[in-house]
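K.L.:
Listed below, chain by chain, are the residues.
Protein chains: 2
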Amino acid sequence: MKSILDIKEKLIRTIGEKRFIHSIGVMETAVDLAKKYGVDEDKARMAGLLHDCAKYRDHLYLLKRVSDFDIILDDMMLQNKELIHGPLGAKVAEIEFGIKDKEILSSIYYHTIGKEDMSLLEKIIYIADFIEPGRTFQGVDFHREYAFKHLDGALRLSMDNTIKHLVDKGRLIHLNTIKARNYLISIEKSELDA
Amino acid sequence: MKSILDIKEKLIRTIGEKRFIHSIGVMETAVDLAKKYGVDEDKARMAGLLHDCAKYRDHLYLLKRVSDFDIILDDMMLQNKELIHGPLGAKVAEIEFGIKDKEILSSIYYHTIGKEDMSLLEKIIYIADFIEPGRTFQGVDFHREYAFKHLDGALRLSMDNTIKHLVDKGRLIHLNTIKARNYLISIEKSELDA
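Here the protein sequences come in this chain order: Y and C. For the first sequence, the working numbering begins at 1 and goes up steadily by one. For the second sequence, the working numbering begins at 1 and goes up steadily by one.
Extracted from the complex, chain Y is given alone in its bound form (with noise of 0.2 Å):
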């Protein structure tokens, strides 16, 4: 792995200085995060910073990657600009940033659409990205306090967000976000059963 210093360098040339600043954001809150519920902090801080390292802008370019990679992506992430970066930029990460952890590597995966049963590495990097400082959205507050508290609930609460907001937008809704979040409804019910 390359040192951090180098990693950051190369980051800001590939993402630009804002997407930037939102890593390092999410970094720093991945990290406070990863404190709260005891999950390694190295993890945490990488994954954080990486999460968006192939949100380039330009749609073909983004599906040019893809096919370099020869990654397999189901056709609505093809479509869908905004979802094709996650598993594209685990790859990124692994190849061009030299990242070797597979845990780093499915957080930075899944940080946009979730999945069944996410690792608490994959909820923390999910729930820092909605909540990092630069976020400004209306009830951000409630939102940052909640994730320190309940990790479940504060998971299915961004996606619940996620959720309604693609509706309110007329866009596509990932099938693994809907499941993410069954899912999360399904373990929460069970446990009020028992």
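Since the hints were made in silico from the structure, they are not lab data. Do not rely on the hints blindly, as some may be mistaken.
[Stated by the list, open to error] Facing chain Y, from chain C, some residues (calculated, C-beta under 8 Å):
| # | residue |
| --- | --- |
| 1 | 76 |
| 2 | 160 |
| 3 | 163 |
| 4 | 167 |
| 5 | 173 |
| 6 | 175 |
| 7 | 178 |
| 8 | 182 |
[As the list claims (entries may be wrong)] With a cut-off of at most 25 Å between alpha-carbon atoms, the simulated BS3-like pairs for lysine-lysine come out as follows:
| # | chain 1 | residue 1 | chain 2 | residue 2 |
| --- | --- | --- | --- | --- |
| 9 | C | 81 | Y | 164 |
| 10 | C | 100 | C | 35 |
| 11 | C | 164 | Y | 164 |
| 12 | C | 149 | Y | 169 |
| 13 | C | 64 | Y | 189 |
| 14 | Y | 189 | C | 164 |
| 15 | Y | 102 | Y | 8 |
Keep in mind that this is a model prediction, so the values were computed, not measured. Even glycine gets a Cβ: it sits at the ideal position worked out from N, Cα and C.
Based on these hints, arrange chain C on the given structure of chain Y.
P.N.:
Below, chain C without anything else, positioned relative to chain Y:
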């Protein structure tokens, strides 16, 4: 097939007066939509009348009947009382009300969860259930008008409403509904691109 009077008598005994009145509303709305969109009015009438023929109140009784008929449902359907009565209703309509028409049965099956690439009759029953005269939710008048102008648009909006309602209530969302909505958006996009 029994006479429509026999069917109405049997239906009111099965589901009670309140739900029977709702079913008459769906039936009448479905017939109006069928006229508008060139669909067989008799099929729309029967599908509208019988769409809730298995909407029994008791969850255990619903599950018992599913088991009696050897109906295969996914886990989410089995957990969710609201989702069972569509598939079960298709079977009850066939066996107990003597309906043989596959299009009618399919409209009953999918009237709650929807699916990709729905038939005109399936769309009509789904929307009629949403806008029948007994419905009083905010914005229902807009939905009623829109259904007679743009069937697919109205279908998508009713799914949008359903998804947001389920999110707000913390309830599971069936993947079919998301697939159905994504399908409609993809169709809209391909029409715009054409």
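K.L.:
For every hint, state whether the structure bears it out.
P.N.:
Comparing the hints with the structure gives:
no. : hint          : in the structure
1   : 76            : holds (7 Å)
2   : 160           : holds (5 Å)
3   : 163           : holds (6 Å)
4   : 167           : holds (5 Å)
5   : 173           : holds (5 Å)
6   : 175           : holds (6 Å)
7   : 178           : holds (5 Å)
8   : 182           : holds (5 Å)
9   : C:81 x Y:164  : holds (24 Å)
10  : C:100 x C:35  : holds (22 Å)
11  : C:164 x Y:164 : holds (6 Å)
12  : C:149 x Y:169 : holds (21 Å)
13  : C:64 x Y:189  : holds (22 Å)
14  : Y:189 x C:164 : holds (20 Å)
15  : Y:102 x Y:8   : holds (20 Å)
Violated hints are absent here; each numbered hint is respected by the structure.
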